[in-house]
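Chains as they are written, first to last, in the numbering used here: chain A, 1 to 156; chain B, 1001 to 1197.
Just so you know, these hints were derived from the structure itself, not from any lab. Incorrect hints may have been included.
Within a straight-line C-alpha distance of at most 25 Å, the following computed BS3-like cross-link-like pairs (lysine-lysine) qualify [unchecked claim]:
(1) B/K1114 <-> A/K90
(2) B/K1139 <-> A/K90
(3) B/K1114 <-> B/K1139
(4) A/K103 <-> A/K90
(5) B/K1139 <-> A/K79
(6) A/K126 <-> B/K1114
(7) A/K151 <-> A/K79
(8) A/K95 <-> B/K1139
Partner residues are not named here, just some residues of chain B that face chain A (Cβ under 10 Å, in silico) [said to hold, decoys possible]:
(9) D1004
(10) A1005
(11) A1006
(12) R1080
(13) I1142
(14) G1143
(15) A1157
(16) E1160
(17) L1164
(18) L1165
(19) T1171
(20) S1180
(21) L1183
(22) V1187
Not the full set, but computed from the structure, chain A residues with beta-carbon under 8 Å of chain B [what the hints assert, rightly or not]:
(23) I26
(24) N29
(25) T47
Ideal Cβ positions, reconstructed from N, Cα and C, are used throughout, including at glycine.
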Amino acid sequence: MPELTAYTDGACSGNPGPGGWGVLLIARNGGKIVKERELFGGEADTTNNRMELLAAISALDALGRSSEITVVTDSAYVKNGVTSWIHGWKRNGWKTSNKKPVKNVDLWQRLDTAQARHAVRWEWIKGHAGHPENERADALARQGMEPFKPKNSKAG
Amino acid sequence: MSADAATLAVYASRAQDYADLNADSQAGGSLDRFVGALPPGARVLDLGCGPGADAVAMREAGLAVDAMDASGEMVRLARRLHGLNVRCAGFETLDDVAAYDAVWASFSLLHAPKSDMPDLLMRIRRALRPSGLFGLGLKTGIGESRDSLGRFYAFYAINELEQLLAAADFTVQDMRTGASSGLDGTVAPWVRITARA
C-alpha cells in the first residue's frame, strides 16, 4: 500500500486580492516515490486563508476513494480550525462563540466533509523553512494565481 | 469515578451486535503502525478492549497482550471468542507501574467523564515503561452527552487533547482524523493519536 502525502499551500497577492492554491500529491512505497500529481487553481478576489483552505480541500477531494493520507500545511489558520475552532463551530451550528457567522464557513464545511471521507494525518510545518515539497506547493499556488493577476498595465 | 451504569447496560444487552459490528479490528492502518512501532513480544495493555478484535490482532502480531474492560459481557465475549486474558475492571482501577511497553485505548476512554481524564492519563502514563507507546482513539467535539442508545460519551477538541496529553507528560507523535459510523448508526468524527511516554 503506497503512502499518500499532500503538500498544500495557498498564495495571495494582496489580502484580499488575486490568489492561488497548490497541492503536490506524492505516493511513496517504502519511502520511494512511485507517483506524483500536481494540482493548482486560483481566484480573482480571495484571501490567503481561503486559498490555504482550498488547497487542503482540493487535496482531499482529489482522492477517488476513502484513503489514509497525510496533509502537510504551513497554515496556522487551517491548524487552529482543524484542531480547535471547528469543534465549537459545529456545536454552535457554524456560529462563533459570540454567535457571529463563521468566516469562510463555505470552505470550512467543505473541508469538514472532505476530511470525513478519509483518515487524515495532519502535519503542521513552518512555511519557507527549507521543506522542498512545501516550496513546490508554494510554486504551484503561485502558478494557480498567475492567470488572475492584473495584467502588466504600466500606464496604471 | 466507576463505569457508567447506563453505558454498561447498553453493552450488556447488545454485546453480540457490537461484537458482530466490530468482528474485525476497525483500527486498520493505525493498529498496524502501532504494532509496527513495537518490538516483537512487547507487553501491551488493551484498555477497554470490548469484544477483543484489536487485542487478538495484536496477539497474532506477536505481542504479549493483556486486556481489560468494565463490561462483564464484553469480557466474557473476548474470552470466549478469542481466549484473551481479560480483566473485568474499570479504567480507574488501573494501578500498574511501569508494567507495559504500550497501552492501546481505542474509543474506550470516551466513556469516562471528562473530569476523570487527567487522572486516567496519569494512570496510563504510570503503567507505561520509559518511552512507552500510547495509542488513543476518541470522538472529537465538545462536552459530554448520551447517544440515542443511552451510552455516555465525552468529546474532545484536538487541541484540548494535546494539552491533556502534555500535562500527563506524553509527547504526541502522530495525529489522524476521520469519521465513521458506530453502533447507534450515526457518523461521528474521530481522532487517533499516538504518543510517547
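Hint check results:
Between B/K1114 and A/K90, the direct Cα distance comes to roughly 19 Å. Compliance with the 25 Å bound is thereby established for this hinted pair. For the given pair, B/K1139 sits about 14 Å from A/K90 by alpha-carbon distance, which is consistent with the 25 Å threshold. Between the alpha carbons of B/K1114 and B/K1139 the distance comes to roughly 12 Å, so the proposed pair stays at or under 25 Å and holds. Between A/K103 and A/K90, the direct Cα distance comes to roughly 13 Å. Compliance with the 25 Å bound is thereby established for this hinted pair.
Among the hinted pairs, B/K1139 with A/K79 is consistent with the structure: their alpha-carbon atoms are about 18 Å apart, no more than 25 Å. Between A/K126 and B/K1114, the direct Cα distance comes to roughly 32 Å. Violation of the 25 Å bound is thereby established for this hinted pair. Proposed proximity of A/K151 and A/K79 is contradicted: the alpha carbons are some 34 Å apart, above 25 Å. Between A/K95 and B/K1139 the CA atoms are separated by roughly 21 Å; this keeps the pair inside 25 Å, and the hint holds.
With a least beta-carbon distance of about 22 Å to chain A, the hint placing B/D1004 at the interface is violated under the 10 Å criterion. Interface hint at B/A1005: violated, since its Cβ lies 26 Å from the closest Cβ of chain A, which is beyond the 10 Å cut-off. Against a cut-off of 10 Å between C-beta atoms, the interface hint on B/A1006 is violated, since the closest Cβ of chain A lies about 22 Å away. For the restraint placing B/R1080 at the interface with chain A, the shortest Cβ-Cβ distance is roughly 31 Å, beyond the 10 Å limit, so the hint is violated.
For B/I1142, the suggested interface contact is upheld, since its CB lies about 5 Å from the closest CB of chain A, less than 10 Å. Annotation: B/G1143 was flagged as interfacial toward chain A, and the flag holds, the nearest CB pair being 7 Å apart, inside 10 Å. The beta carbon of B/A1157 is positioned within 10 Å of a beta carbon in chain A (closest approach about 4 Å), and the interface hint is therefore held. The closest approach between the C-beta of B/E1160 and any C-beta of chain A is roughly 8 Å, which is under the 10 Å cut-off, so the hint is satisfied.
Restraint check, B/L1164 versus chain A: the minimum CB separation of about 13 Å is more than 10 Å; hint violated. Using the Cβ-Cβ criterion of 10 Å, the hint placing B/L1165 at the interface with chain A is not satisfied: the shortest such distance is roughly 13 Å. Evaluation of the B/T1171 hint against chain A yields a violated restraint, the C-beta minimum of about 15 Å exceeding 10 Å. Below 10 Å, beta-carbon pairs count as interface contacts, and B/S1180 has one with chain A at about 9 Å; its hint therefore holds.
Hint on B/L1183 is violated. Least Cβ distance to chain A is approximately 18 Å, over the 10 Å limit. With its C-beta approaching chain A no nearer than about 7 Å, B/V1187 sits inside the 10 Å limit, and its interface hint holds. Contact between A/I26 and chain B, as hinted, is not supported at the beta carbon level, the nearest pair being about 17 Å apart and thus beyond 8 Å. Taking 8 Å as the C-beta cut-off, the interface hint given for A/N29 is violated, the closest approach to chain B being about 14 Å.
At a threshold of 8 Å, the smallest CB-CB gap from A/T47 to chain B is about 23 Å, leaving the interface hint violated.
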